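Please build the complex by placing chain B on the supplied structure of chain F, with the hints as guidance.
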Amino acid sequence: MSFHKPKSLFYGSIILLFIAACKPSLPTEYDEKDTLPKIYPDYTGVTIPVNIAPLTFMLDEEADGMMARYKAGDVEIVCANKMQPNFRDWRRLKAAALKENIQVDVFARHDDRWTHYRPFTITVSPDSIDPWLSFRLIPPSYVSYEALTINQRCLENYDERVIYDNMLCGFEVNGQCINCHNYQQYNPERMQFHARQNYGGTVIAYDGKLKKVDMKNDSILSAGVYPAWHPWMKLIVYSTNHTYQSFFTTNHDKIEVYDSESDLICYDVDTDEVTNIENRDDELEVFPAWAPDGRTLYYCSAHFVHNDSVEDLTADIIANYDKLHYSIYRKSFDPATKRFGPRSPVFIVDSLGRRGGSALLPRVSPDGRYLLFSMADHGVFHIWHHDADLWMMDLKMGWVRPLDEVNSCDTESYHTWSSNGQWIVFSSRRDDGEFTRPFFAHIDKNGHFSKPFELPCADPDYHRQFLKCYNIPELMRGPVPYGPHDFARVLKGEGVPVKYVRW
Amino acid sequence: MKKLTNIPSVTLPALALVVVASLLLIFESDYLWKLQELNLFLSSKIFFKEQMVEPGGFLTWISTWFTQFFFHPWVGVMLLCGWWTLLMWLVKKAFRVSSRWMPVIILPVLFLLVTIVDTGYWIYVLKLRGHVFLGTIGTTAVVALLWAFRSLVERVKPTWLHCLFVLMTCAVGYPLLGIYGLAATALMAVWIWRLEQRRLPALAVSLTSLLSVGLLPLLFYRFVYYQTNVANIYYARLPLYYVTKAYTSFYIPFALLLLFFLAMVCLSSRPTPNPSRGGRGAATAKPSDDSESLPLTGERRGGLLALLLLLAAAVYTACFWYHDENFHHELAMQRQIDHQDWEGVLKEAAKQKDTPTRAIVMMRNLALARLERQGDEMYHYKNGCKKCDAPFDIRAINTVGSLIYYNYGIPNHSYRLCMEKGVEFGWRAEHLKYIARSSVLNGDMQLARKYLGLLKQTMFHGTWANHVYELTEHAKNIRKDNEMGFIKHMMHFDDSLIADHNLVENFLMRRLIDTRYTGDPLFIEQKLYATMWAKDTSGFWRHLYDYARLYPDRQWPIHIQEAAILFGTMEKKRMMDQWPISQAVRDSYRRFTETASRVQGADWETAHKVLYPNFGQTYFYDCYMISFPAQN
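Top to bottom, those sequences are chains F and B. Position 150, counted from 1, in the first sequence is what the numbering used here calls 150; the numbers after and before it change by one each time, with no gaps. Position 619, counted from 1, in the second sequence is what the numbering used here calls 619; the numbers after and before it change by one each time, with no gaps.
Next comes chain B alone, as it looks inside the complex:
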């Protein structure tokens, strides 16, 4: 331990940043990419003004600017690390942290890291924009203000100036930084008792600070901000972990941050009286040497304690890091779909160990459809319907609804979902991209241009927007477009006024089954898979007929053969031996029925153990063993 405490003071913070950056890039690259998809920064006056209608709007504005760099995750991580370096440096300067205590300057970085990596499915419903940078920039601003406050108290005598500074910190900090402006002011109320040795001036500053924190937000609420509920005025720019109730555990890292700074202002070194200045100056402080230590314990024990604190914070960070496998697969697949990397989607699907969510299954099947391999491979991957690992109800429609509707040729519903999400959670690049795509498919070119015009203002989506803009001016190219060409084949749904009831897969499959159109082979194939999904035998025979008519010379895909022999046997169809079903499928089915008869009456787990090893990759297994709760 002695050796550890002798590490040069900057080594540990630098090492911590390298480790954190590496972890983020190795494990959370897709997550970081998604954060920028769910972010929006527009280089326009109107965007700036729209942010400024709420307290802390400036902080949001600047945070969204930084968040967009996660388009290239490594750039975003570098910038984040840059901010964290600045934060640590400011903490060291503001609180004059000695070399021995240097590990503690990493603590706020770890707490801020937790606010980023513990969110999981919250990213879909968090209304706070740019939250990944917001906490960091806000905290950095707090420390910078505290440093300025300390310098002022130490260098300038009149108490009224200290009071004015505190008042201005709140009056300017609140509109610009929201709760971070209030936090800085409140911390000054405490810190003054360490910085100022005379009680009366300290009391004056403290009172000014507390009154500012209590009253100024109310005044701003009354006269400036109409778009903030009174319940929110003291928490402006704090993420709202609230769906139908508050999830307070997600505020723990913020509480720890506050505790950390409270501890720092309470335990930071008292300025020593400077006899040379005399008078009131002697009663305040002298600018101390930066190497002065936190006066907690002895140097060595202090260093040890700092390391223990760091270790505890690291363990806490590791524990609260959101590791859910499905969440990460979903994000990776969304990223690959955005890049039209369908093979990449399948590679991600092949890595699946846990039971997948329906979002994963749908995206994988979409990739298989795009690669024309769905009929032969869709049961070769893990199937299932695991619920999203979130503390609140979140469904496939909330995560990939617009993606699925768009790619399966229902742009109206993709548009609707983007519009609803954009309105409820705030406009994000992803919403604008899908809403523009949907408008193009619907032939609403002027509308598409509106959204594309906004995307052109972004730093990283402009190229994409320009490409789609070209399509709005040359609509005949849509059918030839790599992305939209396939979707055009799917746009044959019957019109209806039927609601989806927030069940994207169910709605899509039912609409496929019910639509009467029989002209496009790709569409018919999807209708056939929909009947297999629904175990709708009458629909299956109807669409199989259309399929065979449109593909007279093509061998039926394996899973269609499996469904045909399964449904045919169930319904005692005649002349099945003449159907184009391979001997391997017939043998597989015979073995399946023999094995299944052995587990008749057994519970699901037992049947699964017996059937899955040999038949997990067949439609037989899926038909009997996979059922979908009404959440998809």
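So that you can see chain F by itself, here it is in the shape it has in the complex:
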């Protein structure tokens, strides 16, 4: 075989050119534009945890091409069309960005002319976030459901796994709904979720042991619904609810979900005993949440006196759906005796002096300082209320304020704190008003939040195409070690019936 030098040079040049073509370079001639680029997701000026996966984005306006650059110190990442850094480069960039912010330059091409937008920065906080996020993937439907999954996503990369899939236990008319996954202190080995209808029951996983509990009992209003694990005891407080929903003919909110009755119960994981802790006829109690010290239980309650002249309780609620205003209360708890004290008000919505409001989903920060909650005009299901916002109360100073730096003009609802108290994750429908996406925000020592950023995906267009909602985002210290079939096996068995007791 003969070796032709010119030929090999030619092919070598072609290969080099090809490699060079794969590494995009920024345009050298361009027009300057003094506005921020319109990108999706909007990562302009956000603060991110040091352990977050690469932020990917794309131009959110008509253009013939895009170039973008991340730069911190001497580390530079340049991408064409979509900003999709690889993990190695991203790690180097984050390390450099701990000393100085990431500067982002975006160029858009229209025909053969490039435009350079005003650069923006991304701040990398040394505060890390819990590495795993779990959520239920559910379409924003009203009555129907088909495939539902509880998933877990690693926030440090794009790895996503199914924790449980309802199709394993559902078949056509015998479908299965799953909901309310919840963990004890971010511990993925201690979790619970409910299954309704086919093979229904509550699944409780605790340090490797799984069991199914049949929580229906004549002495309580319903099986447990919204859960709250005690921070260290094997106790779960639930609300029990008779929940209904009605559809609006023209209202922008489309649907109203309401409880005709609701109470609070406490369930002992070891003994399978359950007891009522709040069951007043004229109060609708819901959304329990423990303070991190395990000595105070927060919850929401709306005062509603049933009109005796209206026979149907549900019709009575429908007629007054916009007059249901929930306030936040708390009860003391003695871990030694398992006794709850009387309720005391924490945040009464009437105190705002407007027509009221409805405060839901109280969540206390791990240091016990702040109470984060969701607020809208009325009702008990804010994910369907476009006016729902996040509010925060300083439990030490007593002030309450809407989180304007976090809120959007659309729904903000379900929210939780990271285990170190430096981050919050919350559901928001700001992208399109319908599909819930998880957003994260950093809190500083003065109680102010950074601009929230959307869960990064490998393809920045993913959330635009994805037709399911991220429901109940919960942070975890690691991945759930149980597989879908472990849960399915337990669900297909008999549930342990609860015993009603009076504590």
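It is worth saying that the hints were derived from the structure and are not from the lab. This one's a predicted model, so the numbers in the text were calculated from it and none came from an experiment. Please note: incorrect hints may appear among the correct ones.
To be verified - Each computed DSBU-like pair below joins lysine-lysine, with the alpha-carbon atoms no more than 35 Å apart:
1. Lys127/B / Lys492/F
2. Lys387/B / Lys347/B
3. Lys49/B / Lys211/F
4. Lys82/F / Lys456/B
5. Lys468/F / Lys245/B
6. Lys488/B / Lys127/B
7. Lys609/B / Lys572/B
8. Lys245/B / Lys211/F
9. Lys468/F / Lys456/B
10. Lys468/F / Lys216/F
11. Lys71/F / Lys49/B
12. Lys468/F / Lys234/F
13. Lys71/F / Lys245/B
14. Lys382/B / Lys245/B
15. Lys82/F / Lys45/B
16. Lys245/B / Lys49/B
Claimed, not checked - Ranges of calculated distance between the beta carbons of each label pair, as one might list FRET restraints:
17. Lys82/F / Phe628/B: 53 to 63 Å
18. Asp159/F / Leu161/B: 35 to 45 Å
19. His485/F / Tyr251/B: 56 to 66 Å
20. Asp159/F / His474/B: 53 to 63 Å
21. Ser25/F / His474/B: 34 to 44 Å
22. Asp444/F / Asp393/B: 53 to 63 Å
23. Ser25/F / Gln446/B: 33 to 43 Å
24. His474/B / Arg88/F: 39 to 49 Å
25. Phe87/F / Leu161/B: 39 to 49 Å
26. Thr244/B / Asp444/F: 53 to 63 Å
27. Asp367/F / Asp514/B: 52 to 62 Å
28. Glu473/B / Gly65/F: 13 to 23 Å
29. Gln446/B / Val50/F: 28 to 38 Å
We treat Cβ as the ideally placed atom computed from N, Cα and C, and that holds for glycine.
For chain B alone, kept in the frame of chain F given last:
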């Protein structure tokens, strides 16, 4: 018959395809168009990944790609015929079908045709996407795999390679093709006994095959697929004819397909030993000549039998072809409404012979409303409330609910229905189109853009999506838009938390009657017709007053005159002779009352025979003779 059996071998299959294609295009053009509306193929990674979470997902993915071509039915039919040509060619090659036996290669095509044309109202509830191509592509893949298997057994000696092939057919075929991968593997288990003359190797291959079919789906279920119920793992990619119970008769064509291939593998020619190869090769097979015949009977009798089989299959196909008139009118009207061809809707309505479903009546009235002829013509067409000819309960809300809600200005409910259907039966182009339209009308532009962005990925809905996308950026043009302008006139409903209980017409009419708004003449006119529908006299007078106020100089439409004289007489209103009711209507009413008095106390059929010929086109007849069961 002798002449028939002498037809050149390719003529009959070609002729069969021409006949089938012609029949599909002549009788099922609207149905095929609807199939692609109820299909969705997106050119994105996420769409591909979403299909692959179930066994046979690849087959669905490729089938949905082909189904979209029914947007132009003739293109889809050509592609389908292309697949059928390939299938017939493969059947001939794989089983070495002789010229005399050529008619039998048409049988699988006919069985597959039945799976397409026997569905009727199932198309609204079938969860399997792309089913129109899925069976054909799946079956073609099965035959291709069988052919490969035969070639391997005939050309390669070691039995372990045959076993490996069978195992791989199942291991790769199941995730890609679902039940079709299993079927191919199972057929190999049988065929090996014809292809392999030694018992032990045949037993090994057969056992491998059966174990693969039995165990591999279980392993996939345990370790790969979480989105499949254990009850479904062996039937993946078979349409599920199940609503509240299984309708097994719809599986007959699939069973016939399986029987056909079982017969083919059992009756196909045994390979003859090839002495020149010697040793183990001699005990297996030699690649036979393709013209070798199926060893069933003698050549002539075989040809005759093949023709008889074909004839039987053709008769079976004709019998199971779904012919319901209302179903086809509904589809045609939906297609014309999608094209904003309102005159076309009326032409279709004029063809009506059977008693129509309420979906037909509602779509026709919508067309009349759009053409501003409802008050004069809505009883000139056949009216009625026939139930859908389906083995399960299906109502107007399931077939045209989102279309009706959208066009009558209740986008919230149109959106809701599309969302529910999209979630339950899987997203289809039709759902995305109506959900995008509804979002635009609701002013949810960013949400509309999301759905339109998805539609832009499709091959045939992109142009439409671009047009609506323009509206999201220039909302002021909505009122001027040919499609949405009229609907804007209807968006005056009072808000309420009242459920529709799956009764679209009832809900719409009640909401029209109960809404207090009186500012828009088009809306008031519809309120008036709603009171006539409900025979609500007090509502009629209230809305007639508003109508007369808004149209002081306009002559009342004929049917409104008829309702006025009917209700006025019933309630003994005074000064009726001064109302703007024509002499012709007064005379008609007088004749109606005289005739009606003659059939007082008679049963419905008798009264209908007497009244319909002269008064079937009046509100008098509709008011007395048409009642609506609580299913609309």
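Quiz item: Quick check: which numbered hints come out false for this structure?
Solution: 13, 19 and 20
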